[in-house]
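A.B. asks: Going down the list, the sequences are from chains Y and F. For the first sequence, my numbering begins at -18 and goes up steadily by one. For the second sequence, my numbering begins at 21 and goes up steadily by one.
Read the hints as simulated data drawn from the structure, not as lab findings. Only a predicted model underlies this, so the values are computations on that prediction, with no experimental measurement involved. Any given hint might turn out to be false.
In silico lysine-lysine, BS3-like type, Cα no more than 27 Å apart, as pairs [to be verified]:
hint: 1; chain 1: Y; residue 1: K68; chain 2: F; residue 2: K216
hint: 2; chain 1: F; residue 1: K239; chain 2: F; residue 2: K216
hint: 3; chain 1: F; residue 1: K171; chain 2: Y; residue 2: K68
Stretch by stretch, here's where chain Y covers chain F in the computed footprint (C-beta under 8 Å, at least three residues) [said to hold, decoys possible]:
hint: 4; region: 68 to 79
hint: 5; region: 83 to 96
hint: 6; region: 154 to 166
hint: 7; region: 169 to 179
hint: 8; region: 183 to 189
Glycine is no exception: its CB is placed at the ideal position from the N, C-alpha and C atoms.
Read off the chains here:
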Amino acid sequence: MPSTSDFLMLSATLFTVGLIGVILRRNMITVLMCIELMLNAVNINLVTFSHMLGSLEGQIFTIFVITVAAGEAAVGLAIIIQLYRLKSSINVDDARNLNG
Amino acid sequence: MDALTASIPLLVFVVVGTIAVASSILVVAMRNPVNSALFLLLTFLCVAVLFVMEGAEFVGAVQVLVYAGGIMVLFLFVVMLINVRALPDDRILSPYWTGGAVVGAAVFVLLVALVRPGVYHEQNDNPLALRSTTVNARHRVVQPDGTTVRKRYTRQQVVGNSEAIGMALYRDYLVPFEVASLFLLVAMVGAILIGKRELGIDDEDVDPQYIVDRVAEEKEMKEAMSA
């Protein structure tokens, strides 16, 4: 069985890849996907500690994180659609002003 | 043979973990968002396998249903809705890529230093805890005078992982669960409100540029009024 640290290292790698994606990519849909990637890395952490400590709380929080991720994706994608209607672009650099 | 059987989980972890990391890198590297979405799907499935390996079968199933089923369909739907081919195919990287790479490397080094082997103990103290729950039970107690009374007590009962999560979710975390349902309702209403077209300008021949022009016009009028 792989150790706790193996899972945590994998989670750290996924989180870093997601973070780099959020900072580097300009396509807003890809940025949102990278946020999902980071949330998944967090979920791996929670489930790993739940396994390590023999406690269900980590898995419960994972379910709540998945719920929040679903809501966040829905609202984020709606904002992207509205931005595309407004600017004909989903480049993050084009979303500079907040006053519409 | 025993050593071989014992090494299977590690082998599965290495293979699935490698696929997860490789496909997550491809999510960031792919130019076309459809390719990114499909590699993200692969990453989600690999993470679901990892959840099952760690005794979280229910969370693994939820991962496949909600992430791979729901969120990915949402992403692909939006990618189809937005005409990706029509977008200008300029540089995909942000101009701040050096800073981003430095921040990413620093965070990676920091995280690995925190979770390096030997920091956390490896043994699961109570492997049955992830699939057991406390239940209320009654048992008969014969009293000295011959009558029997029923006394309540709680005991640990080994059930499945799903049942243990269900008991915890609907008993100990009932209020957060209800708040989560309210959150989903708010997110749904918000997404519909934000995503709907403005009334009066949803004719087919209207260009999105029309909105930009109208905003610029209003801005000019405001400036002229205040001047």
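A.B. asks: Count residues of the region 154 to 166 of chain F with a Cβ under 8 Å from any Cβ of chain Y, then say if the count reaches three.
C.D. replies: violated (count 0)
A.B. asks: Please check whether the region 83 to 96 of chain F has three or more residues whose CB lies within less than 8 Å of a CB on chain Y.
C.D. replies: Coverage by chain Y holds here, the residue count being 7 at a Cβ distance below 8 Å.
A.B. asks: Count residues of the region 183 to 189 of chain F with a Cβ under 8 Å from any Cβ of chain Y, then say if the count reaches three.
C.D. replies: holds (count 4)
A.B. asks: Could you grab the alpha-carbon distance between K239 of chain F and K216 of chain F and see if it respects the 27 Å cut-off?
C.D. replies: holds (24 Å)
A.B. asks: Take the C-alpha atoms of K171 of chain F and K68 of chain Y, compute the straight-line distance between them, and say whether it is at most 27 Å.
C.D. replies: Not OK: K171 of chain F and K68 of chain Y at ~70 Å, beyond 27 Å, violated.
A.B. asks: Holds or violated: K68 of chain Y and K216 of chain F, Cα atoms, limit 27 Å.
C.D. replies: OK: K68 of chain Y and K216 of chain F at ~16 Å, within 27 Å.
A.B. asks: Are at least 3 residues of the region 169 to 179 of chain F within less than 8 Å of chain Y when you compare beta carbons?
C.D. replies: This one is violated; 0 residues, fewer than the three required, reach chain Y with a Cβ under 8 Å.
A.B. asks: Do three or more residues of the region 68 to 79 of chain F come closer than 8 Å to chain Y, measuring C-beta to C-beta?
C.D. replies: holds (count 8)
Checked against the numbered hints given earlier, this structure breaks hints 3, 6, 7; the rest are met.
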